[in-house]
Amino acid sequence: MLERVQTERTQSERTMIEIRDVTRSYGSFKALDNASLAIREGEFFSLLGPSGCGKTTLLRMIAGFDNPTSGSILVGGQPMDGIPPNRRPTNMVFQSYAIFPHLNVEQNVAYGLKRLKLAAGEEKRRVEEALAQVSLTGLGKRRATELSGGQRQRVALARALVMRPKVLLLDEPLSALDKKLREQMQVELRRLQQAVGITFVLVTHDQYEALAMSDRIAVMFGGRIAQVASPKEIYQRPVNRQVADFLGGMNFVKAEIVEENGASLVLDTLGFGRVKTDKPKAFVRNGGKATLGIRPERLRVLWDNATAKFEVAGKVVERHYFGEITHLIVEIPGLEKPLSVTETNDFGADDIPVGTSIRLGYDPEALVAMAD
Amino acid sequence: MTAAAEGSPALRAAGPRRSPLLQSEAAQGFALISPTFVYALILLVLPILVVIAHSFWTQNYLTIDHTFTLENYRIALTEPIYRDLLWRSLYISLTVSLLTVVLAYPIAYFISFHGGRHKSLWLFLITIPFWTSYLLRVMSWKVILGYNGVLNSGLMGLGIISEPSDALLYNSTAVIITLTHAWATFAILPIFVSLEKVDRTLVEAATDLGDGPLRSFLRVTLPLSAPGVISAALIVMIPTVGDYVTPKLVGGKDGVMIANAIQAQFGKAANWPLGAALSVTTMVIVSLMAGATVLIIRALQRLAR
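Chains as they are written, first to last, in the numbering used here: chain V, 1 to 372; chain F, 1 to 305.
Think of the hints as simulated: they come from the structure by calculation, not from any bench. Heads up, a few of these hints could be off.
[Stated by the list, open to error] Cross-link-like lysine-lysine pairs, in silico, DSS-like; alpha carbons within 27 Å at most:
| id | chain 1 | residue 1 | chain 2 | residue 2 |
| --- | --- | --- | --- | --- |
| 1 | V | Lys-166 | V | Lys-124 |
| 2 | F | Lys-119 | F | Lys-142 |
| 3 | V | Lys-337 | V | Lys-279 |
| 4 | F | Lys-142 | V | Lys-114 |
| 5 | F | Lys-197 | V | Lys-141 |
| 6 | V | Lys-141 | V | Lys-254 |
Bound conformation, chain V alone (with noise of 0.2 Å):
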């Protein structure tokens, strides 16, 4: 049944949650520092950071189990504050996924229902439909005691759902399943987000979890929202080195800015020579130097008398292997630190011995300026 809904509905621009100006604090230490965010009603949105970043008082803030010590919280242009957990339109996936141990896999899912006093067949009927919903027809009979990791956290999803919720936050729901089941049911919760439609708003600190679900994803660091964007963006523009490193492996040069103005940045960096960029919408200088940023994947080995338009020169001095991929780490002279470079094993990167001399092709669009 899930099978064939697509995977990118369009959005609607009508917004679902309003974060305006939040902080949270406890004592002198603040969990969440002024923070404004604005999800769109249909998005699948993911709160990504290291623990303690704030992302999950901030979810639990728009649940209604924390409130904020100043700011308000907007979900469907109703005000939340001083509203209870109870009487929110919300719905939430607990990281333990709180499985009422007893009761059975149905009386879990009717759990929200029951207060609704509903008619008995309807209630049965959404029940079952939200069974289906996450693939877990016919097991409504089983306690919760008797069920595997998987198949709690789909319980967990299916008594959210059975609610239809205007919003269902996600609490690091997948971090408990093992790396399989993990990458299946990433799949999975998009595909059902697509097909239910409503608001997803899930935590995480998985960078490849945000990035494989999200329509966008907001990056957190130490109780501030560093930066907005959609997934494609986020990993290829970053808006500085803590995003940038925290999703995924970035080679850093230092630069110094010879020119700036609205668009565009002429950066002198030692390895790469003078570039120029695009200039991030965020960029704001900070005296005269700068970072320049490249993924380890977008430098390319050229092999034989391949040449590029944009190439550095260097020597392999460390060599990994991992299967589908080699990392190779490069000595460029003039750089102080060696470039990292993942390169596919389908022309022979795993057998480059170490100490070899190679030239490394570039794309200058893959080249990210970042403030210092």
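Keeping the supplied structure of chain V fixed, place chain F upon it in accordance with the hints.
Structure of chain F alone, referenced to chain V:
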């Protein structure tokens, strides 16, 4: 030894072989528990067997007639005096366990959910009364409930009653009050433990799914703490049926319980077989009642869904 160190080492130490009997896991287990087992056998099982044996014999002035008879049980079950005492004991212990659990639950709940950093301090404070002797605690209720006691003088001082009431002490109500107080801690602790085990995210999940505080308590917290409620009820019920000191001190004529009658048979009345039959009868009835309590609480737990 050097050879072993250089070459492939021997997997097992080549010591004297132990008997296969001691190598079996079950045998080792029995050996391990045998001191406790012997202790329990001598101090628990043997006395009970002696009591059961006596209940089928007859007292013949100073000697005991060892012919098998059910006469003692006929007396224990049909004589109005023993029947009344047994009913009263069951009534008192049931009321006491119900009251204790009802009063203990909010205390345990408060400590577990709102105790914060001071949980252990609260638990410590609750055990303080147990530093004094049980007798002293029972006696202090005599001081409170007595004719010239704290309660009477207090009520008179407030002008609520004009002369001291003698309805407070020396009846089954006095026994119930005293026992309820005495057993409070034994009910608070198991309930507290089971409340501690209730995952707080489950309560959050219930709230998230639309339950207010009362509903989430009735549908999640209470059913999940049922094991604690069951053990609290049993811990209080089983010993209070056979309580002997409390009725003796504050029960008066109307508060006499079955244990006092059993004591009389083994003492002044010198009819050990009848005393034994009364004991066995009480034991069987208490076991049945305990079983029934477990079943009832389980049924209520299922109802909470």
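Within 27 Å, alpha carbon to alpha carbon, are V:Lys-166 and V:Lys-124? Cα-Cα ~22 Å, so holds.
Decide if the proposed pair is consistent with the structure: F:Lys-142 and V:Lys-114, CA atoms, cutoff 27 Å inclusive. 51 Å, violated
Given hint F:Lys-142 paired with F:Lys-119 - CA-CA distance at most 27 Å: Violated, because 32 Å separates the two Cα atoms, which is more than 27 Å.
Between V:Lys-337 and V:Lys-279, is the straight-line Cα distance small enough, at 27 Å or below? 24 Å, holds
So if I understand the rule, the pair passes when the alpha-carbon distance is 27 Å or less; does V:Lys-141 with V:Lys-254 pass? 62 Å, violated
Pairwise hint evaluation, V:Lys-141 against F:Lys-197, where the allowed Cα distance is 27 Å at most: 25 Å, holds
The structure is inconsistent with the numbered hints 2, 4 and 6, although it conforms to all the rest.
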